[in-house]
Amino acid sequence: MTSPTQAATAQADNPGPDAESLSKEQTAGSGGQLAGRSPGQLMWLRFKRDRVGVISAFVVIFFFLIAALAPVVSWLYGKDPYTLYGQEQYELLDEFGFPAGPNGGISSEFWFGIEPELGRDVFMQLLYGMRTSLYTALPVTILMVVTGVLIGLVGGYFGGKVDYWIGRVTDFMMALPSQLTLIAAMPVVVAVFVSPVDETPVYVRASAIIVVLWLLGWMGMARLVRSQALTLREREFVEAAKVSGASPWRIIRKELLPNLVTPILVQATYMLPATILSVAFLSFVGVGYVEPTPDWGRMFRTAAKIYQDNPTYMFFPGIAMVIFVVAFNLLGDSVRDAFDPKSGR
Amino acid sequence: MFKFLIRRSVGAFVILILISAFTFAMFFAIPQDPALLACGKNCTPQNLAIIHENLGLDKPITAQYWEFMKGIVAGRDFAVGHCDAPCFGVSFNDDRFVWDTIIDRLPLTLSLTVGGLVIFLTLGLGAGMIAARNKGTFVDKAFSSASLVLSSMQIYFLGPIVLGLLVYSTGWLSSPKYVPITENPVAWFVGLLIPWFVMSLIFTANYTRMSRSTLIEQMQEDHVRTAKAKGMSEKYVFFRYAWRGSLTPIVTILGIDLGALLGGAIVTELTFSLAGVGRLAVESVLYKDLPLTMGVMLVSAAFILLCNLVVDAVYGFIDPRVRLS
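Those protein sequences? They're chains A and B, same order as listed. The number in this note's numbering is simply the position in the first sequence, starting from 1, with 660 added. The number in this note's numbering is simply the position in the second sequence, starting from 1, with 76 added.
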């Protein structure tokens, strides 16, 4: 988990001397002609040279792709995450409900083995589980970023009383025991959507998870943006815009935001994997997604219960999650370094 | 220093009152009848009426909140009997007083978090120091990559693996269980060994990275260079100057992580089937036991705020500038 302070130090003070020397070095190689490059182009150049960053970017894209293309994979593979194969083909599970084959029933037909008891396909469970996780975490991250940026900008730009009260609310939200509040808030938010007497449909659960994570997760971004906006507010170009009669909205949009893109983007790359872990946490604990929705966290919940008898089931989701989170964190570091070479390790 | 602590305590108290109001509002001010939420799927009108009476739902919400807060300070009378001073109400499921249930479960969570804290601070700061001293060498790289992978591990993944290695297949240790320290300190220590390490390894990584980077930063500070130039011993400069200076940012993230530590305790208790407050919180939510959930939330919020006060005091002690702000 990355604290906002870490990303705050990663703030690009616009391409400094390093960037200039880099662009000179680049152009010197290509015929000694000086070419103007935008900060975005410079960032891209630096990023392309970072081997670790490029590899982790590919890994991350791969994860997103297979999650998005899960139905296609399912069609090619010929199985889906809901069919109880173990109940159809009795030879797959033994009398205790565990996979009959070795290594959790891994075979050419079931690549990652089969789930104990219910006998679903683990490979499909994993793919669709990732899909659920990513599809939940992506909107949450976007909502958190937008909310955090808006609140931070308003507080940082207007200052004074507005900033004071926004700051107090942020402090208060941060003082809540976060994970405990997440768990406790889940049934409450579900109850806002449906009466507790009725069955909870999957989309209501998904929306509740999104709402809860969103409402309890925007504070880090708000703090970061606020502190950056506070320093930017005093800069000459903002003053110039003010003197020439620009409205606050225009100043925020045209003067502040472009300068804040870097820290926001870097922070967001750290927020997404953290959100995925939070979604998994909720499902693991038992208040997030429930049967039969395939989900990463739910797989861990099942796996932890049966680990002693069938350790293979834990293997694939565990490895997949570690690879994904490591790749995302490395990508975040690379993006930060590319934007601001000074902050390098 | 004293004034600084007073100011912080008042602030913490105000936040605690606000958290109690927030929690109360969250459960009792949502559009639906909270009794219905508590009653569950097979709700009969009688049950509903009983819950209504127990919660005092016929009164206005401010009066209910007042009753609740009064109960915490002065105790309260219920159908099941008198509930003594820190009274958080009566559980829906087993008619026990919430405070008693929490007190029963608290020692385990306290042992778990405090022990975990000690381990991850020692391991994290130690590894960070070693990495910083050997900056750029193989040792540094090994520590950094290990911490990256470890920080991406989750308790619910690492826990079963460790259990599989040390308990199920080799039998070197027995399954984690909690024995009160007052009963048998050795059994207490051995029983919690695996949960402690699994829980703290996740946090260790963060502290290794943090203490490494701040130490390297500190080593380049002017006063450290001057001390070295004066001919002070390498070791003395490292510990007295650089290390001390690197503590401030670490104490800062420690304050933020205290809440996360509680979250870690929830997952750890679930992974190793230990019955602590974290598990209690989850169970209370799953069984829709509102008073219990509220009690756990308030007690943990109070606990975290208290720890934050301690962190603040330490902060004021190691960095005198903080006292003035």
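Because the hints were derived from the structure by calculation, they are not lab data. The C-beta atom is built at its ideal place from N, Cα and C for all residues, glycine as well. Some hints here could point you the wrong way.
[Stated by the list, open to error] Capping the alpha-carbon separation at 20 Å, the derived lysine to any residue pairs in SDA-like fashion look like this:
hint: 1; chain 1: B; residue 1: Lys217; chain 2: A; residue 2: Asp710
hint: 2; chain 1: B; residue 1: Lys217; chain 2: A; residue 2: Lys739
hint: 3; chain 1: A; residue 1: Lys965; chain 2: B; residue 2: Val243
hint: 4; chain 1: B; residue 1: Lys211; chain 2: B; residue 2: Glu297
[Said to hold, decoys possible] Partial pick of chain A residues on the chain B-facing surface, computed with a CB cut under 10 Å:
hint: 5; residue: Leu794
hint: 6; residue: Tyr795
hint: 7; residue: Pro799
hint: 8; residue: Pro837
Structure-based check of each hint:
1. B:Lys217 <-> A:Asp710: holds, 17 Å
2. B:Lys217 <-> A:Lys739: Given that 20 Å is the threshold and the Cα spacing comes to 43 Å, the pair is violated.
3. A:Lys965 <-> B:Val243: holds, 15 Å
4. B:Lys211 <-> B:Glu297: Between Lys211 (chain B) and Glu297 (chain B) the Cα gap is close to 16 Å, so the pair holds against 20 Å.
5. Leu794: Status violated, d = 16 Å.
6. Tyr795: violated, 20 Å
7. Pro799: violated, 22 Å
8. Pro837: holds, 5 Å
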